[in-house]
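J.: Read off the chains here:
There are 8 protein chains.
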Amino acid sequence: MEPNDLRNLAERLLRGDLSVDDFTQRLAHRPIADVGVAQVDLDRARRCGYPEVVFGQGKSVEALQRIFQALIAAGVDVLATRISTEQASQLAVSFPAGVYNPVGRTFRIPLAGGPAKLTAPQGHVAIVTAGTSDLPVAEEARETALWMGAQVTLVQDVGVAGPHRLPARLGELAGADAIIVVAGMEGALPSVVGGYVNCPVIAVPTSVGYGANLGGIAALLSMLNSCAANVAVVNIDAGFKAAYVAGMIARRANRP
Amino acid sequence: MEPNDLRNLAERLLRGDLSVDDFTQRLAHRPIADVGVAQVDLDRARRCGYPEVVFGQGKSVEALQRIFQALIAAGVDVLATRISTEQASQLAVSFPAGVYNPVGRTFRIPLAGGPAKLTAPQGHVAIVTAGTSDLPVAEEARETALWMGAQVTLVQDVGVAGPHRLPARLGELAGADAIIVVAGMEGALPSVVGGYVNCPVIAVPTSVGYGANLGGIAALLSMLNSCAANVAVVNIDAGFKAAYVAGMIARRANRP
Amino acid sequence: MEPNDLRNLAERLLRGDLSVDDFTQRLAHRPIADVGVAQVDLDRARRCGYPEVVFGQGKSVEALQRIFQALIAAGVDVLATRISTEQASQLAVSFPAGVYNPVGRTFRIPLAGGPAKLTAPQGHVAIVTAGTSDLPVAEEARETALWMGAQVTLVQDVGVAGPHRLPARLGELAGADAIIVVAGMEGALPSVVGGYVNCPVIAVPTSVGYGANLGGIAALLSMLNSCAANVAVVNIDAGFKAAYVAGMIARRANRP
Amino acid sequence: MEPNDLRNLAERLLRGDLSVDDFTQRLAHRPIADVGVAQVDLDRARRCGYPEVVFGQGKSVEALQRIFQALIAAGVDVLATRISTEQASQLAVSFPAGVYNPVGRTFRIPLAGGPAKLTAPQGHVAIVTAGTSDLPVAEEARETALWMGAQVTLVQDVGVAGPHRLPARLGELAGADAIIVVAGMEGALPSVVGGYVNCPVIAVPTSVGYGANLGGIAALLSMLNSCAANVAVVNIDAGFKAAYVAGMIARRANRP
Amino acid sequence: MEPNDLRNLAERLLRGDLSVDDFTQRLAHRPIADVGVAQVDLDRARRCGYPEVVFGQGKSVEALQRIFQALIAAGVDVLATRISTEQASQLAVSFPAGVYNPVGRTFRIPLAGGPAKLTAPQGHVAIVTAGTSDLPVAEEARETALWMGAQVTLVQDVGVAGPHRLPARLGELAGADAIIVVAGMEGALPSVVGGYVNCPVIAVPTSVGYGANLGGIAALLSMLNSCAANVAVVNIDAGFKAAYVAGMIARRANRP
Amino acid sequence: MEPNDLRNLAERLLRGDLSVDDFTQRLAHRPIADVGVAQVDLDRARRCGYPEVVFGQGKSVEALQRIFQALIAAGVDVLATRISTEQASQLAVSFPAGVYNPVGRTFRIPLAGGPAKLTAPQGHVAIVTAGTSDLPVAEEARETALWMGAQVTLVQDVGVAGPHRLPARLGELAGADAIIVVAGMEGALPSVVGGYVNCPVIAVPTSVGYGANLGGIAALLSMLNSCAANVAVVNIDAGFKAAYVAGMIARRANRP
Amino acid sequence: MEPNDLRNLAERLLRGDLSVDDFTQRLAHRPIADVGVAQVDLDRARRCGYPEVVFGQGKSVEALQRIFQALIAAGVDVLATRISTEQASQLAVSFPAGVYNPVGRTFRIPLAGGPAKLTAPQGHVAIVTAGTSDLPVAEEARETALWMGAQVTLVQDVGVAGPHRLPARLGELAGADAIIVVAGMEGALPSVVGGYVNCPVIAVPTSVGYGANLGGIAALLSMLNSCAANVAVVNIDAGFKAAYVAGMIARRANRP
Amino acid sequence: MEPNDLRNLAERLLRGDLSVDDFTQRLAHRPIADVGVAQVDLDRARRCGYPEVVFGQGKSVEALQRIFQALIAAGVDVLATRISTEQASQLAVSFPAGVYNPVGRTFRIPLAGGPAKLTAPQGHVAIVTAGTSDLPVAEEARETALWMGAQVTLVQDVGVAGPHRLPARLGELAGADAIIVVAGMEGALPSVVGGYVNCPVIAVPTSVGYGANLGGIAALLSMLNSCAANVAVVNIDAGFKAAYVAGMIARRANRP
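Chains as they are written, first to last, in this note's numbering: chain A, 1 to 256; chain B, 1001 to 1256; chain C, 2001 to 2256; chain D, 3001 to 3256; chain E, 4001 to 4256; chain F, 5001 to 5256; chain G, 6001 to 6256; chain H, 7001 to 7256.
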């Protein structure tokens, strides 16, 4: 807390506008839901603009249920990633409003009232894939960007081996505020896309390939060394993170 | 070129608005300056919003001079990175208007007339460093962001070992459209910054450290695996690229 | 498109030899079959001499069927690699003319009419393996080379531990236009073969071995560092790619 | 054996205080239980302060039983780690006093008489986790520290993405003699904890994460490069070893 | 700050014991010396028990001077590591009381009055090296432990190739509260030491060796995988950090 | 073939001692059994002293049978390694004289007549393991050494964490011509053994361990960097190869 | 030597056409020039189509001179690679006919009479570079291809960041028999070139770049994982080897 | 010490054959020369058959002198490896009988009287190199083997690229008790040699090469994965260690 805020609180306390209890709570407040297995961060939306997203891999269904309930109780749209079909089928019983994307492995629970943020798209995110096997990562990204309120365009299977495929689709990328490029194997596509566009490219290496692709490391290194200046990179298969960064860029670019 | 554009050109040709020569040049035009050692991309600003930046490392002074001249002839602000003091002292003779930053190892040549883009800052980029040894990378980023027209805030030496240093400076980051976090060693700072802010964080691992930092690989891996969702990563010591991405975000966020 | 071609098109347009629609299509033509999950590159044969080959791993049977149908409709011999026995048994129902090689995991569908290219072998490709476990990769290579129209010789199990085995078989390699050498473990065989022959050697490291072979990385590094000058390398287990490169060399060496 | 001890033994032998047999046994004594498959080190408690702990992974139940019996016969509290539920269910039959922790995968058999060391806690060990998936490693650590006689505090799910969660819990760490910090992904938490506390931090990287976390290597490198001076590191997922080191520190800090 | 402390401050403010200014400063206080190039953490001693140590590598002499002066002004004993002989000869002019250890590359400036902590040793740290080339790292450790007030024993050159050398020196390790083991090459010594002693072993891999030692990575991996349970590890060549952890253990074990 | 041998053959040809056919066969002879899937090297025993050993992993039972039959037909004792229990149960039907070692995964078929080499042990090989989990690799080594005619001593579970276990067993190693040391985790045992003995030590890293042992790479690097001069290394888990080298040393040391 | 050749030799010996000495020399002949430090392979041209090329790095000038003289004496055009300017200036004195390329670091000595192979180009090799820093590798390739008798086209600085540069130059690649693509950083260019052409692409990764390019490993992995089927790879910076393979392909494609 | 020896000593003490002082010294004896910087192992020859060899790299000339003097005083032939020309020129002054090998970087000091072991060669060690650049490592091996009393044969520059070079020299390897094969680049030569001989092959990878040879790692992995069963491996560039192992094998094979 900044000095000015502190001085302000102190003066309100002295003026009697604030009780000692309120004052203490203001400074010591922990907007955290303790659900035993997890400390759910309920303050994330205030600090970062979006609520906490749940990473489902390795969590029990019971743990997921308790976390979802804490988020819903706080009035937050739930988004969970890396949800297996087994987890999803059980969660669907407890949260019938939830929507499972089996390709992207995401589970979303839109709030009953519907959030204001969905009334008008908060910017435009384009997602480009190199090959058909990159789709699961692209779908995770698409679900995340939609959850953030962005309009999403998906351009599939335009990898560099067929070099005339990308130029034919550039028109669809024209209005994007940020472009996510998903590619495995040699991961060359973000560099090529980067050379055509005037917005940031968020590159996602995928573990698609075999042999010396080393589970995606080859594509990752390729993207980090991209000669295109507008390319930043996220972790292997990290469709969620790419979309989160892209969604932030898009929303900021479309502030009223 | 899109079908509509082609149809349009064809019709102008048929109407006689366009000669066969002009028509041919329009479609075959190569906005490239061939300076022997290099094919300077003069079309970059149109496609990507900013002109080509020159990577100085390993280039001869003569090659740099020819590239600079081609860019200046095209009316472009020159920015060159990884310029050694030896290269700079020779370039300063040929380009007396050039400004060399010996810490960031950049060489800039502002255009005589002054570009319109500098009249009002094009958004706000903050740069945060973990330690004093990260300064050269931060300076390269600062020069790049300034060249792109952004307002720049630099917050130095607030790494996690002194955990009260960052919160004390958060106020300076409040207005940023994008935050560049530069860190070596364990590269933990971007995750911590990411948890406090509502804009994208562009993380730059540096090769600062020793032993198992593996020339920056440790920090790079750390940043790629960041648990903060708003963190994207660029190559080790890539201050230029981080600033280029951040500058793009900032400008887009401040379009009139 | 080159200036001369463009000028030619423009003059044909002006002469009325070409309608605006035809003109537009000529320049904007996209010889791509959009089958939803994939953008099948139908222009590959024109550009590269051979049609697109389908990478089967990770694709659903339904996706494979749609891609195969698009290729067949374009009059192209289908070759698919990394097809599991599960995929193959379903594909065999839809494409009864298809031939599955369970060792090499390839699925080929020869065109009914039979392509002219099969009337006379288009050069000679030899395939050499170091051990019996390298056979699946060699079979993938053999199927690919046959699909490209080459005559194929297979010399098996002549690794360096029995150093008299290779010299005894050199006669069979004499007429080859290109030699594929498949080896796991220490990957020494391509260097030895390379020292005996006067044509390019395409080395394929395999993931055969254990411990410090690191899934084929040991053999890969060995082959990249070969002291024989005529050895180029492809990815681990990439029998298809080795044969594709070898087939191109063989055909070119036997142009009428 | 030191010269003085030897001289002393020699003099006792000469004085007749010691028979030749006793003398020989004193110098040649091997406090090892040979149970066929293993040489159980019964002298460990004397040398190192604690008896040998059994690493269960890959051992047959029969081997475990024989080792446990040898330890119990020597009057030692048994602790075994990496015990699967399958192993545990069989061991529970033979050792009904045994306690299995299915999350931490440990099996403990407290001695009937109860060791004196449990009457008063031997120092205070705190365990901090970054995320909910780090719990199995933390539980292994907790069981080990309890077995060593320490008082244990567990603070869960306070990773850096929610930066206000750790400061809210610092009070619980105040009395600790050593703090174990368990974290996967980017492994940043030990550095942050290290900056707040005045005792050693034992960092345990976990294999939690995906992509470029490389099975925990990313977190391991991060922790080794920590800019906090009070951070030492153990192997990936090595909850047992972290607790063993922490327990030694704690006991030493609380010697009567 | 904990709720009770906050409530207490609020009550003192209401009682008039604290002015608004004092109150604000208490909560917003930043015990940081801003010396331009660095934010010197003056609060470290309070939080962590020891003041900040300066990492000299890559810092200019001017920067070091400003940081030293800030520390001295705060009444703190200066310790700087990785100081080259060039840096040291210049620093010796400005700080004539400084002591440079050319083997360990440390620079210490004892406070004029002499700290109370030196009147009685704060525990006992032993340092063991495998070979003569490990001495620089051991000396850095020794200087650090002395700066922390510990008694230090150095046992040199007792690596495992001469297996009778270590047992002959075990007596010297008997009283240690923590043992630092410094080893390059295969890094086996910490495991062997660990099997003989009842205190924590802090292992320091060194970059001594050649070939497949990979700059110390071989020894690092060896130490992380130690079968001795009481071994924790720090970064390659990190003598300072090992001593810092050992010194903390030793002091805690000798609290009055 | 050496000049003298050639001259000799030529003279025998001229003298009529050798027909042209015999002469041709002598020089072109290929002592290889072509069994389709493999080229069995029947000349190995003449060149290398021992017949070819079969690597069973990944080979079909049918292939193994054909290779075994070719070896038996050539009068050779069969040894096959990496034979699964599934393979073994089928091979036992075809080769009832075969002996399967389920721990070492070897299959041996002693010749009916019994080889002369078994009448007197051909030297003495000792095998030492660090832990109980190293037994499968040690058993593979033991079977191989026995097949080569060596006397074998096995000393189990004497890793460095219990440092008094090895010295107690040194007497059993005294007569060995070569010592195989099998160890996982940090792989320190070969260095320690090497320091006590006057014969070569063949070190075998095992994949036993977890986390940063990297599937045995940690132990492998440790052994390669051993400070003991008499330590050579073989591949991870390569019990067979260690025994083959050790057996050769032992036999040579005991030539009549 | 094949059986037929042997039988033939035997019959000539019996007929008296061949003396025993000649016969012996024929079979034992070693077309190797023993120059002390090296065994120069004078038989290479017969076996492989081209004479041995000298790798200059790390060889003394004296050794080079002796090797050059042996090659010249055998009537062979000398080509040496990795020749430093220091080596070259001394070699120029001994071999005034030699031509040094300071960028490509090659030294060639054309035979006085001029080889027949230069009268007509033996096929067409194209060399494409991604950036200006790749020139040294491209020049080594160019010198090698010229030495092999090929016609060479060099297309420079057409990396993917300026994606319109390559299509503008495709016409120059049209007639090539093999295309060498030289690229550092992310190594994406070979994949893009591969998608446009119908001949083999030999990809050469260069060590140009910084940070996570790992001295060329990033580009190497990228090229090995290329999604273009006609791309084979050689070692990092191996311009010589790429040209050797390309030259072989070109010559074979242009046999009379 | 074994029980029988202890009992024996005890009885001699009781009989008065041994004084308490003598008895104590027998058991506590430390045959170590403490020269300050090093603990010279004077017992090595008794335990391991050969005295300690000095690793010169990184040691000061003064340290070397003290160690040499201690060894000479103990009547031991000195051998030091990795001695630079600078070190050697100074050592030559103090030890005029010393012999420096500038290629192998070894320094030997034969004892004045001449050791008995040199009167008859203790077995036969052959050293084979792949290329001329491997000579320094081979020379280190040669010096070491000579110091151990072996007869040494050196066969140079017979790498696999000229496959007829090795068979031409096999006769020279016929009598060897152990063969050291030194190779860089792809490290294929040990496998080929291994297939021809009936004695152990000790493979030494060298750091000769460039690019993906990774400082010798490529050759190291190749040798570890050798398909020849009689190949064991030592560290990169470890000529000394290879010769030490080979020398031990040779001596044992030639025991009187």
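By construction, these hints were calculated from the structure, which means they are not laboratory data. A virtual CB, placed ideally from N, CA and C, is assigned to each residue, including glycine. It is possible that some hints are incorrect.
Chain C stretches covered by chain F per the calculated footprint, using a threshold of three residues with CB under 8 Å from any CB of chain F [unchecked claim]:
| no. | stretch |
| --- | --- |
| 1 | 2132-2142 |
| 2 | 2160-2174 |
| 3 | 2206-2217 |
Pair ranges (Cβ atoms, derived) [claimed, not checked]:
| no. | chain 1 | residue 1 | chain 2 | residue 2 | range |
| --- | --- | --- | --- | --- | --- |
| 4 | C | Ala2097 | F | Glu5086 | 35 to 45 Å |
| 5 | D | Gly3175 | H | Asn7008 | 52 to 62 Å |
| 6 | H | Leu7014 | F | Gly5175 | 24 to 34 Å |
| 7 | H | Gly7049 | D | Gly3175 | 56 to 66 Å |
| 8 | F | Ile5072 | C | Gly2036 | 53 to 63 Å |
J.: Now look at each hint and say whether the structure bears it out.
T.: Each hint, compared with the structure:
1. With 3 residues having a Cβ less than 8 Å from any Cβ of chain F, the stretch 2132-2142 of chain C passes the three-residue criterion, so the hint holds.
2. Against chain F, the stretch 2160-2174 of chain C contributes 5 residues with a C-beta closer than 8 Å to a partner C-beta. That satisfies the three-residue criterion, and the hint holds.
3. Here's how the stretch 2206-2217 of chain C fares: 5 of its residues keep a CB closer than 8 Å to some CB of chain F, so the rule of at least three is met and the hint holds.
4. For the pair Ala2097 (chain C) and Glu5086 (chain F), the beta carbons lie near 36 Å from each other, so the given range of 35 to 45 Å is met.
5. For the pair Gly3175 (chain D) and Asn7008 (chain H), the supplied restraint of 52 to 62 Å holds, since their beta-carbon distance comes to about 57 Å.
6. Range check, Leu7014 (chain H) to Gly5175 (chain F): Cβ separation about 31 Å, and the 24 to 34 Å hint holds.
7. Distance hint check: the CB atoms of Gly7049 (chain H) and Gly3175 (chain D) are about 57 Å apart, consistent with the given range 56 to 66 Å.
8. Distance hint check: the CB atoms of Ile5072 (chain F) and Gly2036 (chain C) are about 58 Å apart, consistent with the given range 53 to 63 Å.
The structure is consistent with each of the numbered hints, conforming to all of them.
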